[in-house]
Amino acid sequence: MAAKDGGLSLHIPAPKARPGETPDFSHIVIPPAGETPRPAIDTAPAEMRDLAYGLIRVLDDEGTAVGPWALKLEPDVLRRALRAMMLTRVFDNRMFAAHRQGKVTFFIKSTGEEAIGVAQSMVLRKGDMNFPSYRTTSFLMEREYPLLDMFNQNLATADDPLQGRQLPILYSAKAYGFYTLSGNVGSRFHHAVGWAMASAYRGDTKIALACIGDGTTAENEFHTALTFATVYRAPVILTVTNNQWAISSFQGIAGGESTTFAARGVGYGLPALRVDGNDFLAVYAATQWAAERARANLGATVIEMVSYRAEGHSTSDDPTRYRPIDEATHWPLGDPIERLKGHLTKLGEWSDERHEQLYAELTDTITEVYRQADAVGALGVSKPPVGEMFENLFATPDWRLLEQRKELGV
Amino acid sequence: MVQALNSALDVMMERDPDVLAFGQDVGYFGGVFRVTDGLQAKHGAKRCFDTPISEAGIVSTAIGMGVYGLRPVAEIQFADYILPAYDQLVSEAARIRYRSGGDFWVPITVRTPYGGGIFGGQTHSQSPEAVFTHVTGLKTVIPSNPYDAKGLLIASIEDDDPVIFMEPKRLYNGPFDGNHGKALSSWGQHPAGEVPDGYYNVPLGKAAVAREGADVTVICYGTMVHVSLAAAEESGVDAEVIDLRSLVPLDIDTIEASVKKTGRCVIVHEASRFSGFGAELSALVQERCFFHLKSPIERVTGWDTPYPHAFEWDYFPGPARVTKALLRTMENN
Ligand SMILES: Cc1ncc(C[n+]2csc(CCOP(=O)(O)OP(=O)(O)O)c2C)c(N)n1
Ligand SMILES: [Mg+2]
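These protein sequences, in sequence, are chains A and B.
Under the working numbering, the residue at position 251 of the first sequence is numbered 251, and the numbers go up by one with no gaps.
Under the working numbering, the residue at position 7 of the second sequence is numbered 7, and the numbers go up by one with no gaps.
Hints are not guaranteed to be accurate.
According to the in silico footprint, chain B covers these stretches of chain A (three or more CB under 8 angstroms from chain B) [unchecked claim]: (1) 234-248; (2) 251-258; (3) 381-388; (4) 392-402.
In short, the hints are calculated from the structure, not lab data.
Ideal Cβ placement from N, Cα and C applies to all residues, glycine included.
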C-alpha cells in the first residue's frame, strides 16, 4: 500500500545481509581488549550504566589477557575450561552425525557459545543453581555429567535417565546444579529469581543463574524476572546470550536494532554488563563479578554475552535459507576455543600438538561412550518401559492413570 | 495442506489489503512449516513479517490491529506455545465485542499447528483445543484435509470474530491414518488433496460426513478423521464418520441426526481425555439422543499424561484403539 501524503509508515527491521549478499557486521563496535573499567561490586548501578553499552574484553588479538577484568587464572584452570569446551564440540558433532543416521529425532548444538556454560559452571559453587537454556551443554561438560547418561537421553534408549519423557538436549540434572529444561523458551528464566529469593529468605548463601537467548528476551518472563529481581534484590545472575539469531530472525527482531540487550537491565535499575561472549576470560570475569555481588547480598546483575550461533538453530533448520552461507567466517569475535587455545599457547602452556592430541583423545572418548549407548539401542531399537509414561505425573497417581495404564496393559 | 493454507493466505492478501500475516519466522523464512513461504516476497514485508518471540505480544498486536480495522492472521509456531497468549485470547479477544456493547470487535485469526506424530515430545505435540472451546467468545476451527484447510482458513479470515485455527501438523504433507509403519503418502493421491487455485470458502459451523454408515457414529476432527476412517475399514463396522471441521460453532444438527440414525456413538480425539472436547460432545449426545442410544458412548483419546517423546505411538490413539471401541459398542444391540 502506498503511504498517503504525509502519512505514517510501518518500520519492519531487516538484517544487513541475506543469502547471496556479503556478510556485514560493521554495526558491532569492538573496543580494544582491556579498555573497559572494572568497578567495585558495590558501585551504584546508576554509576555503571556505560557497561551496558560497551563490551568487556580481556583477550587481545595476540592472545594476551589485559586490563582490569583479566583475573589470574591458573593454567590448569584454563586447560580444564578448554577441555570442556572441546568436549562439548566433539559431543555436538557426534550427535549431529547420529541424527543423520536416524538415531535421534532432534538435536541442538551450541557451537561458538561453549565458553559461556563452562565459565558459568566454574564460577557457580556446589548448591548454586543454573537455570539454563538448551545451548548450555558446556556447563554439564565442565561438571562431568556422565556422557553415557547424556547419550542415553538423546537416543531415548532403555537407559534414558528421563525415562523417555523428554526430547533430546532437554536435560535435567539437579545434583549438578542444572535445572530441568523444557521446549518452551523463556519459561524458566524467572524461576531463578524465585529460587534466589528462597535462598535469601532462608538466609542461605546459594545464588542462582539464569540463561536466555536474545530472541527470547521478548517473552514476558524476561521482563518479570528483571522486575522481581530488582524489587527484591534477588541473588541471581541474569544472562542473555546474544548469538545474533533466533532461528531465522536476526537480533533486530528482538529489539537489538535500537539498543543493547544488556541495556534492558539499566531500565530496571540493575547493573548490566555487556561482554565478549567468545572470550572465555571475559565471560569468566564478568560472571565472577556478578556472583560476588549476589553473594554479598547486593542483588542481581544482568549480563549480555555477545556471541554468534555458528551453526543452524537445530537439526530441523537450514540457515542458508536466511543468512549468507559464509556469515560465520565474518563474525568479528572469532571462535571461543581458538581464542582460549591462542591464549594458553601464548602463555607457553599449550601447543598445536597438545591440542591435536587432546582433540583425538576426546574424539575417542565420545566415540566409545556413544557406542555404549547405541549398544543399549536407540529409539526404535530399545526404549524405557512404556509404563514410565504414567509415572511421575503426580507424587501419587489418581484412578485415571491407574485405569488408563491397565487399559494399555503396561 | 501446507500449499493449500499458503494459497488461502495469498488469495486473501490479494483480495484485501487489510489482511496481513505475521509471527515468529513467518516473514523472510516463510514459517518453520513453510505455510507463509513466498508471501513476504510477493506482498511485501509490511504485510508478512517476523515478530519478536512473544506469543502474548503477537496476539496483542493482532487485537490492536483488528480493532483498528485490519484482518490480521497471526501464527503461533506451535500450539504448545499459545499459552503465554492465553490471557489475551480469553480475557480480551473473546470479550471485546461483548463488553463494549458492539463498539469494538476483533476480526483476527490465530493459526497454530497442533498434534503429535512427529516425535516432537511434550512441547511440540499437544492438542489444546478444549482450552479454547471452553471460552465463550472464541471460535475454534480444525481442518482435516487441504481442500477444507483452504476454505476454512478463508472463512476464518472473513469472520468478524476471533478464530483459533488449529492445523494438524502431522497432516501437513500427506494424510496419516495412525498406521505409522506404513509408507508415507502424499495429498496428491487423495480426493480432498485437490485444491482450486482461486477464492472459495468452507463455512464455519458445518460438519462433513467423511464416511456414511448405519451402525455407529464416530465424531472426530483433524488427524483423527483419517484414523477413524482406517478403523472403520479395519473393524468392518459400518461406521458413519463425522468430521466436525469447526468445534465452535458446532454443527449439532449433523451430530444429532447421525446418532439418532445409528444409535451408537464413539468420540475420538488426540488430546488427553479428562475435560477434553469429547466430554462436551458426550454430554450433548446424551442430552439429545439418550433414548436412541443402544450402548454407552465411547471415548478414544490420548492418555491423561503429557505427550511423551519415546512413547509417541503408545500415546497416540491409533486405529487399533478406535477399532476396539467400535467393536465394543457393537456388542450391545
Ligand atoms: C514459548 C515458545 N515460543 C516459541 C518457540 C519456538 N522456538 C524455539 S527456539 C526459538 C528461537 C529462540 O531464539 P533465542 O532466544 O535467540 O535462542 P537461541 O536459539 O539463539 O539460542 C523459537 C522461536 C518455543 N520453543 N517456545
Ligand atoms: Mg539467539
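### Task
Apply the coverage criterion to the segment 381-388 of chain A and chain B: a residue qualifies when its Cβ sits closer than 8 angstroms to a Cβ of the chain, and three qualifying residues are needed.
With 4 residues in contact (Cβ-Cβ under 8 angstroms with chain B), the coverage given for the segment 381-388 of chain A holds.
### Message
Please verify the coverage claim for the segment 251-258 of chain A: does it have three or more residues whose C-beta sits within 8 angstroms of some C-beta in chain B?
### Response
holds (count 3)
### Task
Report holds or violated for chain B covering the segment 234-248 of chain A, Cβ cut-off 8 angstroms, minimum 3 residues.
holds (count 3)
### Whether chain B covers the segment 392-402 of chain A (at least 3 residues having a Cβ closer than 8 angstroms to its Cβ atoms)
holds (count 3)
In the structure shown, no violation is registered for any of the earlier numbered hints.
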